[in-house]
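Engineer: Residue strings, one per chain:
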Amino acid sequence: MDRAIKIRRTLEIIPGALSWGIILFLITLALFKPVAGAVVIIAFDFYWIIRTAYLTTLLVMAYHKLFRERDRDWTAEYLSVGQKKDWQRLYHLVIFPAYNEEPQTLRPSLEALVGSLYDKEKMIVVMAFEERDRNCRDTAEILENEFKGRFFGYQSSFHPDGLSGEGRTKGANATWAAKKAREFIDSRGIDYKDVIVSCFDADTCADKNYFACLTYHFLTSGNPHQASYQPIPVYNNNIWQAPSFARIVEITSSFCQMIESMRLEKFVTFSSHSMSFKTLVDIGYWPVDMVSDDSVIYWKAYLHFKGDYRVIPLYTTVSMDVAYSSSFFKTIVKQYKQKRRWAWGVENFPFLMQGFLRDREISVIKKIRRGFHLLESHVTWAVWAIIIVLIGPLPIFFGGAFFNQMAIGYNLPKITGLLFNFTLITSFTWIILSRTILPARPKEISWTKNVLMVAEWVLVPFIILVLGSTPALDAQTRLMLGRYMLFNPTVKRG
Amino acid sequence: MHREQKIRVVLFLLSAAVFFIGLPFILSSALGYRFNPRALRFTKAGLIAIKTQPAGASVYLDKKLINGKTPTTITELLPGRYHLRIVLEDYYPWAAEVDVEAGKVARFEKIILFPTRLDIEKLNSDNCLSFWFDDKRGIVYYINRQDRGIYKSDLNKEDLEKICDFSGELGVPVRWKVSADGEKLLCFDARRLVVVPLHPQGGAGVEISPFASNITQESIVDAFWHSDNYHIIFVTQKNISVVEARSDSKPLILAALNKENTSCYYDAKADTLYFLDLQQAADGALYNNIYRLDLNTRFSAFKEMLKLRTNGQGHKDKKNP
Numbered sequence: 001m002d003r004a005i006k007i008r009r010t011l012e013i014i015p016g017a018l019s020w021g022i023i024l025f026l027i028t029l030a031l032f033k034p035v036a037g038a039v040v041i042i043a044f045d046f047y048w049i050i051r052t053a054y055l056t057t058l059l060v061m062a063y064h065k066l067f068r069e070r071d072r073d074w075t076a077e078y079l080s081v082g083q084k085k086d087w088q089r090l091y092h093l094v095i096f097p098a099y100n101e102e103p104q105t106l107r108p109s110l111e112a113l114v115g116s117l118y119d120k121e122k123m124i125v126v127m128a129f130e131e132r133d134r135n136c137r138d139t140a141e142i143l144e145n146e147f148k149g150r151f152f153g154y155q156s157s158f159h160p161d162g163l164s165g166e167g168r169t170k171g172a173n174a175t176w177a178a179k180k181a182r183e184f185i186d187s188r189g190i191d192y193k194d195v196i197v198s199c200f201d202a203d204t205c206a207d208k209n210y211f212a213c214l215t216y217h218f219l220t221s222g223n224p225h226q227a228s229y230q231p232i233p234v235y236n237n238n239i240w241q242a243p244s245f246a247r248i249v250e251i252t253s254s255f256c257q258m259i260e261s262m263r264l265e266k267f268v269t270f271s272s273h274s275m276s277f278k279t280l281v282d283i284g285y286w287p288v289d290m291v292s293d294d295s296v297i298y299w300k301a302y303l304h305f306k307g308d309y310r311v312i313p314l315y316t317t318v319s320m321d322v323a324y325s326s327s328f329f330k331t332i333v334k335q336y337k338q339k340r341r342w343a344w345g346v347e348n349f350p351f352l353m354q355g356f357l358r359d360r361e362i363s364v365i366k367k368i369r370r371g372f373h374l375l376e377s378h379v380t381w382a383v384w385a386i387i388i389v390l391i392g393p394l395p396i397f398f399g400g401a402f403f404n405q406m407a408i409g410y411n412l413p414k415i416t417g418l419l420f421n422f423t424l425i426t427s428f429t430w431i432i433l434s435r436t437i438l439p440a441r442p443k444e445i446s447w448t449k450n451v452l453m454v455a456e457w458v459l460v461p462f463i464i465l466v467l468g469s470t471p472a473l474d475a476q477t478r479l480m481l482g483r484y485m486l487f488n489p490t491v492k493r494g
Numbered sequence: 001m002h003r004e005q006k007i008r009v010v011l012f013l014l015s016a017a018v019f020f021i022g023l024p025f026i027l028s029s030a031l032g033y034r035f036n037p038r039a040l041r042f043t044k045a046g047l048i049a050i051k052t053q054p055a056g057a058s059v060y061l062d063k064k065l066i067n068g069k070t071p072t073t074i075t076e077l078l079p080g081r082y083h084l085r086i087v088l089e090d091y092y093p094w095a096a097e098v099d100v101e102a103g104k105v106a107r108f109e110k111i112i113l114f115p116t117r118l119d120i121e122k123l124n125s126d127n128c129l130s131f132w133f134d135d136k137r138g139i140v141y142y143i144n145r146q147d148r149g150i151y152k153s154d155l156n157k158e159d160l161e162k163i164c165d166f167s168g169e170l171g172v173p174v175r176w177k178v179s180a181d182g183e184k185l186l187c188f189d190a191r192r193l194v195v196v197p198l199h200p201q202g203g204a205g206v207e208i209s210p211f212a213s214n215i216t217q218e219s220i221v222d223a224f225w226h227s228d229n230y231h232i233i234f235v236t237q238k239n240i241s242v243v244e245a246r247s248d249s250k251p252l253i254l255a256a257l258n259k260e261n262t263s264c265y266y267d268a269k270a271d272t273l274y275f276l277d278l279q280q281a282a283d284g285a286l287y288n289n290i291y292r293l294d295l296n297t298r299f300s301a302f303k304e305m306l307k308l309r310t311n312g313q314g315h316k317d318k319k320n321p
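If you're matching them up, the sequences are chains A and B in order.
Per the working numbering, the first sequence starts with residue 1, numbered consecutively.
Per the working numbering, the second sequence starts with residue 1, numbered consecutively.
Extracted from the complex, chain A is given alone in its bound form:
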């Protein structure tokens, strides 16, 4: 086997092996050395309480910042700095990679751009279709008839299927679209430095202030080409219509992203985001054969700029659809698959480590820190819920009479109970925060849904168990065994 492949395979095995190693070690310990197992479980429980408190505090801070910045007049802000920075030269390229989406799903995304407070004559929009979607030409024509002429540039691109070296990924489609847009930009003689590209999921509705906010940050941040710009993703498009189970999952996802926005040293692009077009071209566009293109693009840039690349959080929202289906079970399956696809971001670890091995300029400390952060976040994701929910009670059930007469045998359920009580307090905070981010209730929705939206938080333990760690462990196991995932776009409704 080629040495590079051996290294890659080794790196692919590490996250899954670590997660499974931790789980099996703790199960063995809990079954055969229940006292030692209980000590580790109590230590982990305590760690998780502290961590939850810390992260909830960050969430509150992020909320505070979001509400403070959401109402800022970003147009006035960028205009005020524009006299020196010449904002007028800037163009926004917005790419919507789409596959199998119908016009009614894509239309609100484009309407949100039309409703933006930013000058549409500075916007270039590309609807990026997959040629293997039989209806794509019809959909493109319908949307072109409605939206062509409303922006500085509007075009539809059709990504051919089966290009050499490509996978059926969103990144391949976005890259094709970006190359088509590049031809348009070249034809207009626009400098790549003056173009900010935003790659949005097909159902992304940007806030009316999004581009103004993005422009301000692009103009004011030092070295804007060495940064990605990450808005807060919320799932408000259909949140009042979505079933409670799916709603809770997506609100929690938004919260996690808000928490991440406060941890800049770990912050990585996710879902819809923006960056310099020049940088995108320099680093060779999005990966065309990886599922987690939204985060890999960050690491590509990070390696390209020798570690001098960052993500700037934008405290403005982009709203997407909650993924749900016609039945409870189908919704769970859909959510599970979506979370597993997100967790497939673990493929970033071998990608980054291989980049670090090739690199000679990034400091070793930086490599260790970033590599550890990435590995730790994925391993923690895969094991925490399993440790708390499934392994935690094992010593109590299987410890036997000897364990039950030990002081630790008596204290373990009490400490575990304390953990859940504490989780209730943080859940209460999350409930209050979730209410404040909701869009106005549509008229056709009964007011009783407000009550349901609070009551549905009792589902959290179930959600933790089903969608907490399992999809991440599934993804890591697949990567470990070399059973690579294909990009499976989530059809958000139906």
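Certain hints may be false.
What the hints assert, rightly or not - Quick list of in silico lysine-lysine cross-link-like pairs, DSS-like style, CA-CA up to 25 Å:
| no. | chain 1 | residue 1 | chain 2 | residue 2 |
| --- | --- | --- | --- | --- |
| 1 | A | Lys414 | B | Lys110 |
| 2 | A | Lys122 | A | Lys208 |
| 3 | B | Lys51 | A | Lys414 |
| 4 | B | Lys136 | B | Lys122 |
| 5 | B | Lys44 | A | Lys33 |
| 6 | B | Lys6 | A | Lys367 |
| 7 | A | Lys278 | A | Lys306 |
| 8 | B | Lys6 | A | Lys266 |
| 9 | A | Lys180 | A | Lys148 |
| 10 | A | Lys414 | B | Lys69 |
| 11 | A | Lys120 | A | Lys208 |
| 12 | A | Lys65 | A | Lys266 |
| 13 | B | Lys51 | B | Lys64 |
| 14 | B | Lys44 | A | Lys414 |
| 15 | B | Lys6 | A | Lys65 |
| 16 | B | Lys51 | B | Lys110 |
| 17 | B | Lys6 | A | Lys366 |
Said to hold, decoys possible - One-sided and incomplete, this derived list gives chain A residues near chain B with beta-carbon spacing under 10 Å:
| no. | residue |
| --- | --- |
| 18 | Leu58 |
| 19 | Lys65 |
| 20 | Leu264 |
| 21 | Met406 |
Honestly, the hints are just simulated from the structure, not real lab data.
Please read all numbers here as calculations on a predicted model, not as lab measurements.
C-beta atoms are modelled at their ideal positions from N, C-alpha and C, and glycine is treated no differently.
Chain A is already provided as a structure; the job is to place chain B on it using the hints.
Structural biologist: Using the frame of chain A, we list chain B on its own:
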């Protein structure tokens, strides 16, 4: 660095400090250690976990009142013997000597405190000889000492109904057994069996009238319903017999007993009688043995015995042929 990032760093360091400082205390406490501030070291201690029914009782350990009411846990106890006393007003106190071991928990989690003023309520209005409580229906059956009738009543002294009026007498003590189908009640004393249909109108199974019969000269040790709800197996001081639940039925002796005061158990699910009896061994000595008598009509000789009985023939004692 932005202000938020500075706050975050402080928060992170604070969280890390809480974790690393708090963890040794939590783990040592979980393992049963207590910190001795004078000696500046940890000592392994034990604890006592107490739960009472009802809760809210005061706990005294070596005559000292412990903070908090039950359920409670007394922690950080040095190994040794303690006198534990639990007190709740209007309830009898509970006390025990407790040995506390290092790193272990002494569990007293099934303590029931019984009230000093018992709530006793009279349920019948007559002079009662004996009673049986049907827990499935919440009905009390009792024999009136005056008229010897069997009455039934609910727990609120209402719905009083005489269900059986027989002229015979039952001595004390009277024992009661209901058939598996819940339709017939068997009352018996040392000499007599009385069968009472509980639901004369709507009852299923064999239709019988109330009857009482002096069936034996020997004292009845125990009696059981067969699973067919029609035969009654009864054990006297000398025999094991069976009788049908009708007034003109004659008992059939299945086996003779050598032991006068035997003890027996009837497995109603398997229709099997277990009993104790004496038998002389080859060495001439008498031994107490446990015997099993299969009375299942599907698998045993009992069926044949019943046929024989119907034909007016005698029985065979398998134990003493």
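Engineer: A closest beta-carbon separation below 10 Å is what the hint needs, so does A/Lys65 meet it against chain B?
Structural biologist: holds, 7 Å
Engineer: For A/Lys180 and A/Lys148, compute the direct alpha-carbon distance and say whether it is at most 25 Å.
Structural biologist: holds, 16 Å
Engineer: Keeping to a limit of 25 Å between CA atoms, is the pair of A/Lys414 and B/Lys69 held or broken?
Structural biologist: The given pair, whose Cα atoms are some 17 Å apart, holds under the 25 Å limit.
Engineer: Run the distance test for B/Lys51 versus B/Lys64: straight-line Cα separation, threshold 25 Å.
Structural biologist: Distance of about 18 Å is within 25 Å: holds.
Engineer: For the pair supplied as a hint, A/Lys65 and A/Lys266, confirm whether the alpha-carbon distance does not exceed 25 Å.
Structural biologist: Distance ~19 Å between A/Lys65 and A/Lys266 Cα, so the pair holds.
Engineer: What's the verdict on A/Lys278 and A/Lys306, does the C-alpha distance respect the 25 Å limit or exceed it?
Structural biologist: holds, 17 Å
Engineer: Can we keep the A/Met406 interface hint, with Cβ of chain B closer than 10 Å?
Structural biologist: Holds. Min distance 6 Å.
Engineer: Going straight from one Cα to the other, do B/Lys51 and A/Lys414 come out at no more than 25 Å?
Structural biologist: It holds: about 14 Å lies between the C-alpha atoms, which stays within 25 Å.
Engineer: Given the hint that A/Lys414 pairs with B/Lys110, test it: the Cα-Cα distance must not exceed 25 Å.
Structural biologist: holds, 18 Å
Engineer: Is the Cα-Cα distance between B/Lys136 and B/Lys122 25 Å or less?
Structural biologist: Within the cut-off at roughly 21 Å; holds.
Engineer: Tell me if the straight-line CA distance from B/Lys6 to A/Lys266 falls inside 25 Å.
Structural biologist: Cα-Cα ~15 Å, so holds.
Engineer: Can the restraint linking A/Lys120 and A/Lys208 be considered satisfied, given a maximum Cα separation of 25 Å?
Structural biologist: The hint holds at about 12 Å.
In the structure shown, no violation is registered for any of the earlier numbered hints.
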